[in-house]
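S.K.: Whole structure, please, built from the sequences with the hints as guidance.
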Amino acid sequence: MLDQIHLLAAVTVLGVLEQAYFFLQVIYARRLFGISPPKTSGPPEFERVFRAQVNSSEYFPIFLALLWQAGLFFHQGLAAALGLLYLYSRYCYFTGYRASSSERLTPIYFSAGVLWILVGASALGILHSLLSHYVGLNLLQLLTA
Amino acid sequence: MLDQIHLLAAVTVLGVLEQAYFFLQVIYARRLFGISPPKTSGPPEFERVFRAQVNSSEYFPIFLALLWQAGLFFHQGLAAALGLLYLYSRYCYFTGYRASSSERLTPIYFSAGVLWILVGASALGILHSLLSHYVGLNLLQLLTA
Amino acid sequence: MLDQIHLLAAVTVLGVLEQAYFFLQVIYARRLFGISPPKTSGPPEFERVFRAQVNSSEYFPIFLALLWQAGLFFHQGLAAALGLLYLYSRYCYFTGYRASSSERLTPIYFSAGVLWILVGASALGILHSLLSHYVGLNLLQLLTA
Chain A
1 MLDQIHLLAA VTVLGVLEQA YFFLQVIYAR RLFGISPPKT SGPPEFERVF
51 RAQVNSSEYF PIFLALLWQA GLFFHQGLAA ALGLLYLYSR YCYFTGYRAS
101 SSERLTPIYF SAGVLWILVG ASALGILHSL LSHYVGLNLL QLLTA
Chain B
1 MLDQIHLLAA VTVLGVLEQA YFFLQVIYAR RLFGISPPKT SGPPEFERVF
51 RAQVNSSEYF PIFLALLWQA GLFFHQGLAA ALGLLYLYSR YCYFTGYRAS
101 SSERLTPIYF SAGVLWILVG ASALGILHSL LSHYVGLNLL QLLTA
Chain C
1 MLDQIHLLAA VTVLGVLEQA YFFLQVIYAR RLFGISPPKT SGPPEFERVF
51 RAQVNSSEYF PIFLALLWQA GLFFHQGLAA ALGLLYLYSR YCYFTGYRAS
101 SSERLTPIYF SAGVLWILVG ASALGILHSL LSHYVGLNLL QLLTA
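Heads up: the sequence lines are chains A, B and C, in that order.
Under the numbering used here, think of the first position of the first sequence as 1, with each following residue one higher.
Under the numbering used here, think of the first position of the second sequence as 1, with each following residue one higher.
Under the numbering used here, think of the first position of the third sequence as 1, with each following residue one higher.
To be clear, the hints were calculated from the coordinates, so they are not data collected in a lab.
Each hint should be verified, as a subset may be incorrect.
[Unchecked claim] Here are the simulated lysine-lysine pairs, BS3-like style, with alpha carbons at most 30 Å apart: (1) A/Lys-39 x C/Lys-39; (2) A/Lys-39 x B/Lys-39; (3) C/Lys-39 x B/Lys-39.
M.R.: What follows is the structure in structure tokens.
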């Protein structure tokens with residue numbers, strides 16, 4: 001049974017490692033600019049790194065929720081591949097945002113696009129499960145009929 | 001097996017869509033009040049929208065964790081119904097908070113109430129599973145004896 | 001099947017209760033120092049409580065993700081025990097940070113150590129599952145050969 005989720009689990013742990021990397025970057029930026037906790041404001045160079053981490057943290061549960069629904073209800077391999085793409089675009093977002101506010105835009109739009117594909121795959125897969133269970137309607141058979 | 005979680009999965013994806021709606025409202029508020037990232041402070045009208053999104057993001061993993069424990073260990077349909085109620089009260093919270101700080105209070109208390117019911121259902125269900133597994137005690141039989 | 005996750009579920013609900021406790025402490029601190037939402041800045045005594053809650057919220061999805069991967073792919077009992085240790089160190093972090101910024105350091109390093117053990121257990125377990133599925137290699141047999 002773990003075969004059906006081990007790719008999702010692997011991407012999940014990679015995502016955790018990426019979050020750890022972002023947290024470390026904030027710690028380094030705090031040292032560099034001399035901003036001790038609990039303070040969170042400072043020069044724009046610091047605030048960009050800080051906000052990049054906060055934004056990535058806010059999206060992390062959303063990403064995991066979609067990764068797992070898409071993987072369980074649509075296709076594990078596809079969901080895991082999209083998950084890797086999301087993690088890569090988040091990395092580009094973080095390094096872009098650190099450089100300048102405008103350089104965060106392209107990767108954030110790309111990462112949002114990946115999430116919308118995961119939403120679509122999840123929605124299709126769940127709809128298929130609900131319809132076949134409650135209405136006895138098989139979406140796959142309809143499409144190939 | 002997916003039958004046992006497809007309602008939970010559907011509510012999860014709806015919750016993600018609600019989070020996406022909240023994120024969009026912050027983007028619109030940033031444009032309206034001319035507050036560019038990484039800045040997060042501004043007039044109270046902006047800060048209320050911003051804090052409403054942050055608070056909803058902080059509660060999102062808590063909500064998902066309870067939705068799934070209650071759904072797996074107590075009853076999927078009940079957990080999903082409570083989940084919809086929670087998402088509705090979060091929407092009321094967001095629009096209320098945007099209007100004024102005091103209008104966030106009724107829906108936030110209501111949403112907290114829904115979460116406490118999910119905590120209770122989860123705790124009962126998990127306790128039942130633990131007791132029947134380790135002690136051989138069946139709570140359901142005890143109650144109906 | 002719920003037997004294989006009920007300890008993880010129990011630790012998850014305990015974690016939710018701890019988060020609820022942290023949220024309540026912020027509400028009390030807001031009243032004590034007269035800081036009404038949406039404001040989040042104030043005297044260091046308030047900001048330390050506030051930041052302790054925010055940091056714990058940011059780590060909560062990471063903690064749950066690792067708890068469940070380690071529990072599913074390595075060993076449920078060990079993951080649950082490490083989970084309890086994490087929740088305890090988070091409590092020490094919160095009360096330490098409330099007292100002073102420096103008193104948060106020992107428990108935060110300890111909690112990070114627990115998370116890294118969970119990362120290691122998850123990675124080993126997932127690697128074992130991937131290798132045995134795609135390469136037909138059994139890590140456990142290799143180690144005991």
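S.K.: Hint by hint, note whether the structure agrees.
M.R.: Status of each hint after checking the structure:
1. A/Lys-39 x C/Lys-39: With Cα atoms ~14 Å apart, A/Lys-39 and C/Lys-39 stay inside 30 Å; holds.
2. A/Lys-39 x B/Lys-39: Within the cut-off at roughly 14 Å; holds.
3. C/Lys-39 x B/Lys-39: Judged against 30 Å, a Cα distance of about 14 Å means the pair holds.
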